[in-house]
Amino acid sequence: MRRSLAALLCFAAVPLAAQHDASKEGKPKNPAMGNPTAIASGQKLFVNSCAGCHGVKAEGGRGPNLRKRGVWHPLEDDALFTIIRKGIPGADMPASNFNEEQAWQVAAFVRALASPAIENPPPGNVQAGETTFWGKGGCSNCHRILGRGGMLGPDLSNAGATLAAEDLRESIVDPDADGFLRYKGATVVLANGTTLKGVARNRTNYSMQLQDAQGNLHMVDLSKAKQVDISDHSPMPRNYAQRLSKQEIDDLVAFLSRQSVRPFEPAEKK
Amino acid sequence: MTIRFLLSAALATSLAAQVKYEDLLKGPGDNWITYSGDYQGKRHSPLKQITAANAGNLVAQWTYHVPKASGLRTNPLVYNGVMYVTNTNEVRALDARTGRLVWEYKDTRSKKEAVNRGVALLGDRVFFVTGDVHLVALDRRNGALLWQKQYGRVEDGLYGSMAPMVVKDKVLVGVSGGDSGMRGYVAAYQAATGEEAWRIYTVPAKGEKGSESWGNFVEYGGAATWLSGTYDPELNTIYWTTGNPWPDFYGGDRKGDNLFSCSLLAIDADTGKMKWYFQFTPHDTHDWDAQAWPVLVDLPFNGKPRKLVLHANRNGFLYVLDRVTGEFLRATKIIDKLDWATGIDPKGRPILVPGKDPTPNGNRVCPGVRGATNWMAPSFNPATGLFHVITLEQCDVFTSSAKEPEPKKNFSGGGASPKPTELGQFFLRAFDPTTGKRVWEYPMTGPAEMWAGTVSTAGGVVFFGDDDGHLVAVDSKTGKHLWHFQMGEGITASPITYAIDGKQYVAIASATAIYSFALFEPSR
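Taken in sequence, the protein lines are chains A and B.
Mapping of the first sequence onto my numbering: residues 1 to 270, in sequence order.
Mapping of the second sequence onto my numbering: residues 1 to 524, in sequence order.
Keep in mind the hints are simulated off the structure, nothing from the lab.
Treat the hints loosely; a few may be bogus.
DSBU-like cross-link-like pairs, simulated, lysine-lysine; straight-line CA separation at most 30 Å [stated by the list, open to error]:
| # | chain 1 | residue 1 | chain 2 | residue 2 |
| --- | --- | --- | --- | --- |
| 1 | B | LYS356 | B | LYS409 |
| 2 | B | LYS503 | A | LYS197 |
| 3 | A | LYS57 | B | LYS106 |
| 4 | A | LYS197 | B | LYS20 |
| 5 | A | LYS224 | B | LYS503 |
| 6 | A | LYS224 | B | LYS112 |
| 7 | A | LYS68 | B | LYS356 |
| 8 | B | LYS437 | B | LYS347 |
| 9 | A | LYS68 | B | LYS106 |
| 10 | B | LYS106 | A | LYS184 |
| 11 | B | LYS356 | A | LYS226 |
Isolated chain A, as found in the complex (with noise of 0.2 Å):
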């Protein structure tokens, strides 16, 4: 019973196998998949061939933001493939010249877009991301990674687990970008007198959720507030791309991306 089973599993696979150079188990198999220096190649392809419709950074123009998952997100890596060889007949997406090589390394870098960090973790140091995270680049006043750290930012423990890389790279560097909206610097001056200082972690007309400094949360009801400043941004410094060299904030990229509580099991042992 369950040879015949094997056979048949086998026998399923021979067309998918015969299409892309897949490996001996019979599955397709993309070679570039979760390596950091083929995804880096894939993003140079992107950046040369693909950026005219797609933006630089995947954030979309004449064809589609590549970083938002639901657009392309439910294609396996085949599909991916295929497209990116192929194009979509009947619309705008051409075939490309790519190798057989390049095509995956190009599809790695596509898929690593919209993956946590940890599935595809780019390249840099880690170790000396650690160290700017937790010295010169200040991170840690203001974030925590498993208890340790600042109580105002957003919890970095599990970064690499829900983020993609390039996430984390563009909260570090343009951190006004996504809004945040639930961590505006916010000033409120209570009728008694009191000053409150902190983040809004959610606010309405009526109340604020503030957390100050030392990580105490007021349920601030604004009827009572005789003042209420919410800054345009957030509590985040927004010169970091100035601060830190292009290979210090790669590493702390690297480093983020690292930030699993759970470890990373690849798909194909899922």
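On the provided structure of chain A, position chain B as indicated by the hints.
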């Protein structure tokens, strides 16, 4: 608002208020900081702004829809104006006055989705369990992850759904999954570090005392620890109930009493060693887990003051035990439709009616598979001396399967369901534990599908969810209806009460949302 301010202030010492063990010992006041409010499991609040006279003036204050929720089981906790609620693999902190979200934590990589009954609090920490059996510690103030500890494996037929319980410096957890072949346990972890302090299995290993009561099936005996326990600090004893033996409906391969399934365990809080046990349903074949909280009360029994533990069991009896020794004192019926036993003998063993086991063709037995009561939280009001229990009058047709038992694969050895012409009915009933007598009852209408429990208040009001999706208030003394609110969907959780700035609130989870109520304030 300047960056410099924030950075310098961030380095200042934290002086935030903390949930201390002494606070947990005190029980509820303005805050509601354990699942049952106090360690005794009374679910009784000293708050009395809402009374039997004014409960009719309750109005909704806010609603928070929990994203993607269905069938919420969460029992909210409230500390210093912040409410903590859970959903599958998620915790949220809400402003308890407005219902606004403060922070949320999502474990997106959990291997199992399961219902969740709530958090535990200690110090600056919030504890909850994931569906795939990890105990997680978060910072109470911003939801930042502090540590995460795997305490069981989904592959072993386990999952996590209970609200952890804090005792002194430890966090206690149990495991779900007793209907598919697993081995139950209670484990204690250091709250500070997540290091395991002790673990007690509810089914003995082969060769250990009690294993002789199992036949061949001790390895997958079940006896899950679905819920949290209660605690007597003077006796340093934890009281924890255990689930059914496996396979649920077929006992042929597990001949014997099947210790320590369907039991109450008294456990030393420091060592995890069993002090005594009491088994309510030996060799259960009707899935009658011991579910409801063991409620600890000091009351006269036969004229003498005694330390008692009350437990309303799925098998249809309200048990009174001596909680120092485990001695059986009395069992009385909590339902009228009960036909599997004629009573409980002086040693606490049921006097069985022959021929009530499940059969391949089906055998009608009362109560049904969900039991005369279940995990719907009971409550005890020290002022009236009444014990409030949600009860279900229902009989089911129980079938057993001749199939070879397969552990960890949702095999339960049969099943049970009511006859379509004989659906059940829920009642809220108040019992006098000193006599076992039913003092009043509140019959409900509805499809007999709810899982809502109760909370009692010093204002003389009992709140509970009914079988039609109402939150209901009744008079503690008489059971008379005072107020109700239609929540628009079935209720599978129990209410709590808390206060902020002198205003009392009552909160409960509906299937998909958290609601909070307070008295109407015309001057606002």
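Tested hints:
1. LYS356(B) / LYS409(B): Distance of about 26 Å is within 30 Å: holds.
2. LYS503(B) / LYS197(A): Given that 30 Å is the threshold and the Cα spacing comes to 26 Å, the pair holds.
3. LYS57(A) / LYS106(B): holds, 28 Å
4. LYS197(A) / LYS20(B): holds, 27 Å
5. LYS224(A) / LYS503(B): holds, 16 Å
6. LYS224(A) / LYS112(B): violated, 44 Å
7. LYS68(A) / LYS356(B): violated, 59 Å
8. LYS437(B) / LYS347(B): Holds, at roughly 20 Å.
9. LYS68(A) / LYS106(B): holds, 20 Å
10. LYS106(B) / LYS184(A): Given that 30 Å is the threshold and the Cα spacing comes to 22 Å, the pair holds.
11. LYS356(B) / LYS226(A): Not satisfied, since the Cα-Cα distance of roughly 71 Å exceeds 30 Å.
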